[in-house]
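Enquirer: Given next are the chains, with one letter for each unit.
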Amino acid sequence: QKEVEQDPGPLSVPEGAIVSLNCTYSNSAFQYFMWYRQYSRKGPELLMYTYSSGNKEDGRFTAQVDKSSKYISLFIRDSQPSDSATYLCAMSAIDSKLTFGKGITLSVRP
Amino acid sequence: DAGITQSPRHKVTETGTPVTLRCHQTENHRYMYWYRQDPGHGLRLIHYSYGVKDTDKGEVSDGYSVSRSKTEDFLLTLESATSSQTSVYFCAIRSGSGNQPQHFGDGTRLSIL
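These protein sequences, in sequence, are chains A and B.
Residue 288 is where the first sequence starts when you use the numbering used here, and the numbers rise one by one after that.
Residue 27 is where the second sequence starts when you use the numbering used here, and the numbers rise one by one after that.
Think of the hints as simulated: they come from the structure by calculation, not from any bench.
We treat Cβ as the ideally placed atom computed from N, Cα and C, and that holds for glycine.
There may be inaccurate statements among the hints.
[To be verified] With beta-carbon atoms standing in for the labels, derived distance ranges:
#1 B:Thr39 - A:Ser369: 33 to 39 Å
#2 B:Pro34 - A:Ser356: 18 to 24 Å
#3 B:Asp99 - A:Lys329: 41 to 47 Å
#4 B:Thr108 - A:Gly341: 40 to 46 Å
#5 B:Thr103 - A:Ser327: 41 to 47 Å
#6 A:Tyr326 - B:Ser123: 40 to 46 Å
#7 B:Asp99 - A:Ser394: 20 to 26 Å
#8 B:Thr52 - A:Asn309: 34 to 40 Å
#9 B:Thr103 - A:Glu302: 22 to 28 Å
#10 B:Lys96 - A:Lys329: 36 to 42 Å
#11 B:Glu40 - A:Thr392: 29 to 35 Å
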């Protein structure tokens, strides 16, 4: 079993939809959870950074962590065409070495 | 912008030639990382540095070496490039204070023919 599993996609939604992106993991030592957004031919850009279980909201984005189920989610409200990108989940234990999901490509149709 | 510059941005070279990629940061961060990104594999750690002259191996270090002689520069070298090292290479940096996240450069596209 891979340490981090992410829905492979791709995912296509109409503008204005609510998007849910998910990752599961197996390593119970993970305690820092991140979502990165990557546009084509660019580097990953940090979108959300959370520690331990709970929710964190930033504008249209909400990150959710459920450590008991080893499950993290990113919700995008009122999705826009500019949200079209690849989304990567990443997590680390106390050593700060990141383990990434493989990424999911999101397309938001106008 | 995270203050990271990777060079070159694109490179095409032949099997067996040495290749060096450079990562330069202006943030004075302690930690620097080299990753490769391949379809079906996601981002994988090659090597990282936790200070000047302090480096360690990552998940996919075979065939790669690194050096860090200054805080701001982290070099990745392919001593004798192989076609399997064709990839997009990303550098990342992280502050040493607390558990800060990593920030990435825009990558180097390397093709080995």
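Enquirer: For every hint, state whether the structure bears it out.
Expert: Results of checking the hints against the structure:
{"no.": "1", "hint": "B:Thr39 - A:Ser369: 33 to 39 Å", "verdict": "holds, 36 Å"}
{"no.": "2", "hint": "B:Pro34 - A:Ser356: 18 to 24 Å", "verdict": "violated, 44 Å"}
{"no.": "3", "hint": "B:Asp99 - A:Lys329: 41 to 47 Å", "verdict": "violated, 22 Å"}
{"no.": "4", "hint": "B:Thr108 - A:Gly341: 40 to 46 Å", "verdict": "holds, 45 Å"}
{"no.": "5", "hint": "B:Thr103 - A:Ser327: 41 to 47 Å", "verdict": "violated, 28 Å"}
{"no.": "6", "hint": "A:Tyr326 - B:Ser123: 40 to 46 Å", "verdict": "violated, 29 Å"}
{"no.": "7", "hint": "B:Asp99 - A:Ser394: 20 to 26 Å", "verdict": "violated, 38 Å"}
{"no.": "8", "hint": "B:Thr52 - A:Asn309: 34 to 40 Å", "verdict": "holds, 36 Å"}
{"no.": "9", "hint": "B:Thr103 - A:Glu302: 22 to 28 Å", "verdict": "violated, 46 Å"}
{"no.": "10", "hint": "B:Lys96 - A:Lys329: 36 to 42 Å", "verdict": "violated, 26 Å"}
{"no.": "11", "hint": "B:Glu40 - A:Thr392: 29 to 35 Å", "verdict": "holds, 32 Å"}
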